[in-house]
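Chemist: So the protein sequences, as listed, match chains Z and F.
Quick note on numbering: numbering that gives the first Met the number 0 labels position 472 of the first sequence as 471, and the sequence is numbered without any gaps.
Quick note on numbering: numbering that gives the first Met the number 0 labels position 148 of the second sequence as 147, and the sequence is numbered without any gaps.
Worth flagging that the hints you see were computed from the coordinates, not collected in a lab.
Heads up, some of the hints might be wrong.
What the hints assert, rightly or not - Calculated Cβ distances over 10 angstroms to all of chain F for the following chain Z residues:
#1 A12
#2 S152
#3 T454
#4 P468
#5 E480
#6 E559
To be verified - Stretch by stretch, here's where chain Z covers chain F in the computed footprint (C-beta under 8 angstroms, at least three residues):
#7 227 to 235
#8 262 to 273
#9 287 to 295
#10 298 to 306
This structure is a prediction, so every number in the text was calculated from the model and none was measured.
Cβ atoms here follow ideal geometry from the backbone N, Cα and C, with glycine treated the same way.
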Amino acid sequence: MFSFLTPLFLWAAIAATIPLVLHLIQSRRSVRVPFSTIRFLKLAESRSSRRIKMENFILWLLRTLLILFLVLAFAMPMLRTTGLTNLLRRAHRDIAIVLDTSYSMNYRTGRETVWDQAIESAVAMIEGLTDHDRVCVFLAGKDVTPLVEQLSSDREGTIARLKHLRPAHDLSRLGPALMAANDALKEEARRREREIHIITDGQSLPWNSFERWDAGTLVEHATVFVSLLGVTNPENTSPIKVTLDPPVIMADMPVRVGVGLAGSGAARDTIVSLVVDGEEVDRRAIVQGDGADGDTIFTIPPLGPGVHTAYIETPEDNLPLDDTLHFLVRTREHLPALCVGSADATLFLRLALGAAADDEASGISLKTITPDALSAEPLSSYACIFLCDALPLPGQKIVQMEQYVQGGGLLVLWPGSGARVEDYAPWRCLPGTVSEIIELPIAERTQLLRWNQPTHPLLHPLRQGLGTPRLTMRRHLGWTELAEETEVLVTANAATPFVLSRPYGRGHVFVLSVSANRSWSDFPLSPYFLPLAHQFVQYAAGMGRFTPYLWTTDSLLVGEHLSEATTDSTLRSPKGDKVALRSSTVEGATVLHAEALFLPGIYTLSTPSQPDPRPALAINLTRRESDLTPIVTDEIPDRMGLDEVILSQNQEELLRKIEEHRIGRTFGEALLWLALIVAVAEGVYGNMLVRGVPKLSETLGITAAGKVGGA
Amino acid sequence: MAKSNPDKKKPEKQAPQKSGIAGFLTPAEMHTLGRLVLHSRYVVEGNLTGAHRSPLRGASSEFADHKAYAIGDDLKHIDWKVLGRTDRYFVKRFEDETNLRVYIALDRSHSMGYGSNGTTKYDFACHLAAALGYVVTKAKDSIGLFLYSDKVDVKMEARNTFQHLNNMLCKVQEFPPDSTTNVAEALHQIAGGVHKRALIVVISDLLDNEEDITRALAHFRKQHHDVIVFQVLDPMELDLTYKYGCQFEDMETGEIIAADPRGMQRDYERVFGAFLDSYREACARMAIDYRLCRTDQSVETFVRAFLEERKRLSK
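Same shape as in the complex, but just chain Z (with noise of 0.2 angstroms):
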């Protein structure tokens, strides 16, 4: 149904009548020429007076429709797309927004943000709702949080909520809050008019939730708005990722630090700073291509033992929450590894790793106790800890021992003749079920050792000119059940186990078969003994039990990454606030949570056995959200799966979308191209016919000497 908006340019219609009056006039026109004869104008009248006609009634209904264009341009007439009722502005409205709450939002566009914006225009659609109207709100964050969960007709509340809003320190998923808030419209049957209105920046990023939406199970009625805020081609650069290399650091030693770039926007250049304990260390310059990302590579000098606080900073843009990542730098004097075991079972690891923690440079520092004296010591300072004939332990010792592995620790597990079959069921973290101590006849008992994992790095460096591993073995575990994760590192005449691998939380466990000293095997004494000890050392030492920097989570399992922190640990946030660390049983165990890191920096614990706090985490925000890569708008009807998805890049253009939505469209602008139209073909028309006859005496080619075709 047409209405106009300018009903009064209407009147100007009668100009349309123009064409016809001047013609009629002109073909009235009474002036009289006298001419030598009329007899050929009579004989090409009677010829063209058809053709004049035609040409005349074209010519008078192109002029003619091209005022009448330019009237109704003028005048605007809308399209009513809904019903009468929506004309008589009776209809009411249920809308639903989906808020993109992702950090992204905080870039900077002049003086506010893009979140600001989402705010506002949010405001906006909802002052623009009438008494009878219904509201409901949902942020889409990771996941999806309903701020006004149920249809309200509370305005005021509701944009008082909004406006107490900030964006979170995630990403986005915008899929699962468009089904929330398609399920909140469903509610109501009965309602005509149903919007989704999805407030978000330009990344493409969000874009990528939509796989579990059905495009079929949008609410009858519904239309979805989406609304692009913020620039079109945003500019962002963050720091991603550091590496640390060596992965295992020792005091003294220069550390090389791989920075990686994310870039979004233009080319440009970017300065790249590291700061160490508070002072720069480097600065560099790099260029960065067309939303390339760079790399580059800073080298800390010498530290002290220790954990250093460093991040990498990139200068401030518009998006200026990720351009710094922090990381932690943790040195070693030495690698402390702990023997538990009587002085027998201990004899010979003593004395390979005594060895080398004669040599300065391999820095291990082994430390020899027995199973009683085991509860006393901070597992968690130790890069690695052998069991030679130290079983049974105490259940509570084992779980310290499963914690500790969890944590990232390595435990290299020896049997002995002093631990029974029984004595290894409550480890859980074992590769698998003892199920006997096999004694082997004399006549089985030399064994050749066999490498199933050759390129394992325990075993890599064991290789090189040892000659063939050969042992005496009288006895040894026998295995049933492995655990699905367990690796067969080594075996013993390719069939018995010998050294068993298997990873439990960040650590490993190891398990040899025969005990560390000469009472199973001769082992001990082949050279293969003194090597695998030092390999399991540096093994356990370039683990990764130390975490540089984490990303921002909801919920950390602190054991993980905070093997020293109990219950009675306090963990502080950046900016001083406690962080609160909660306990809870997890298959028998118990475990540590540290909940809502969700502000970016270095945060410190204290214990009671070290009261002064120091660095413990480097929490950063996740990344993810930091390429701002610009959503290509055809596309979002295809991710969305909808055949019509109204677009609008601002809170004007998305009030005025919505206005012609619920109102109607004008057509002025499609007039006036066809009156441009019109008027083209009017102009082309008229000079064909004007240009369209040559003259005669240019046809005959008459010359000087009046011959007639020059013949």
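The hints should help you fit chain F onto chain Z, whose structure is shown.
Modeler: Below, chain F alone, put in the same frame as chain Z:
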């Protein structure tokens, strides 16, 4: 109510105040034209000895043929070499050379009074007649005049004096275009009045029945006259370049027709082109020299180009 035609300009050039030759030709034009000669493409019969070939045998040095001697023939023309070879008497005969008699048939019908650019067709025709007459008289040939409309109004015999030419042009000035046209009938009358072979120059717009006019021209050719047809037309008649629709009034019949010239221009040119083609083709068939004259061109230039071309073709 009739209004004045906006496309038709008032004649800038008024009728010549001077009479006779001076009314049409300037001294400079006469100087230029005096060097030119109008040649006949065929033999003509004149009264005087001249530069043109005659159908008669005469006293020129140009051998024509032999004839058997008869009593009364001059003995000095006996070909003695032939007598020696054949023992028969033959008399040598020579071609005669005579002067050219040119008759100008000038149309003074009402349609000749049309002119869109200040010069009427009749003005142009008179100017052309004066130029040709001057060329003919200057060459010691004779010039005569037939002034006609629906009949022959004025007839002046051919003479070769400038006085005669002057009188002839004075007579032309006395008769402005008037009366209806009947070109064919008038041309038949002229053909009946010229007995000896002559050069007939027809100056007319030929806006009459083309078949009748063609038959009249054929009458000339039947009498062995050399004929030149100058069809004088106004550019507006050729191209019909009126911009606005108006009522056209026939200058001879007074009939009126309302028409849109711009819309009908294509068909008009087609019809008028066919009309011109009919004359051109008929004249080509009858070996008549047909020329189309536009009134917006210079008479002097036209005459000079025409005569030089004709001279070239006569050789």
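Chemist: Is it correct that the beta-carbon of T454 of chain Z has no partner in chain F closer than or equal to 10 angstroms?
Modeler: Holds, since 94 angstroms exceeds 10 angstroms.
Chemist: Say whether it holds or is violated: E559 of chain Z keeps its Cβ farther than 10 angstroms from all Cβ of chain F.
Modeler: Holds, since 95 angstroms exceeds 10 angstroms.
Chemist: Checking C-beta pairs, does the region 262 to 273 of chain F have three or more residues closer than 8 angstroms to chain Z?
Modeler: Coverage by chain Z holds here, the residue count being 11 at a Cβ distance below 8 angstroms.
Chemist: Was S152 of chain Z rightly flagged as not at the interface, with every chain F Cβ beyond 10 angstroms?
Modeler: Label holds. Min Cβ-Cβ 71 angstroms, cutoff 10 angstroms.
Chemist: Please confirm whether E480 of chain Z is truly not at the interface, meaning its C-beta sits more than 10 angstroms away from all C-beta atoms of chain F.
Modeler: 106 angstroms, holds
Chemist: Take the region 227 to 235 of chain F, compare each residue's beta carbon with every beta carbon of chain Z, and decide whether three or more fall closer than 8 angstroms.
Modeler: The restraint on the region 227 to 235 of chain F holds, since 3 of its residues have a Cβ under 8 angstroms from chain Z and three suffice.
Chemist: Quick one: work out the minimum CB distance from P468 of chain Z to chain F and report holds if it exceeds 10 angstroms, violated otherwise.
Modeler: About 110 angstroms separates P468 of chain Z from the closest Cβ of chain F, which puts it past 10 angstroms; holds.
Chemist: For A12 of chain Z, which was marked as not at the interface, is the minimum beta-carbon distance to chain F over 10 angstroms?
Modeler: A12 of chain Z clear of chain F: closest Cβ-Cβ about 28 angstroms, beyond 10 angstroms.
Chemist: Are three or more residues of the region 287 to 295 of chain F within 8 angstroms, CB to CB, of chain Z?
Modeler: Answer holds; 5 residues pass the 8 angstroms Cβ test.
Chemist: With a Cβ-Cβ cutoff of 8 angstroms, does the region 298 to 306 of chain F contain at least three residues near chain Z?
Modeler: Held - the region 298 to 306 of chain F has 4 residues with a Cβ nearer than 8 angstroms to chain Z, which meets the minimum of three.
Violated hints are absent here; each numbered hint is respected by the structure.
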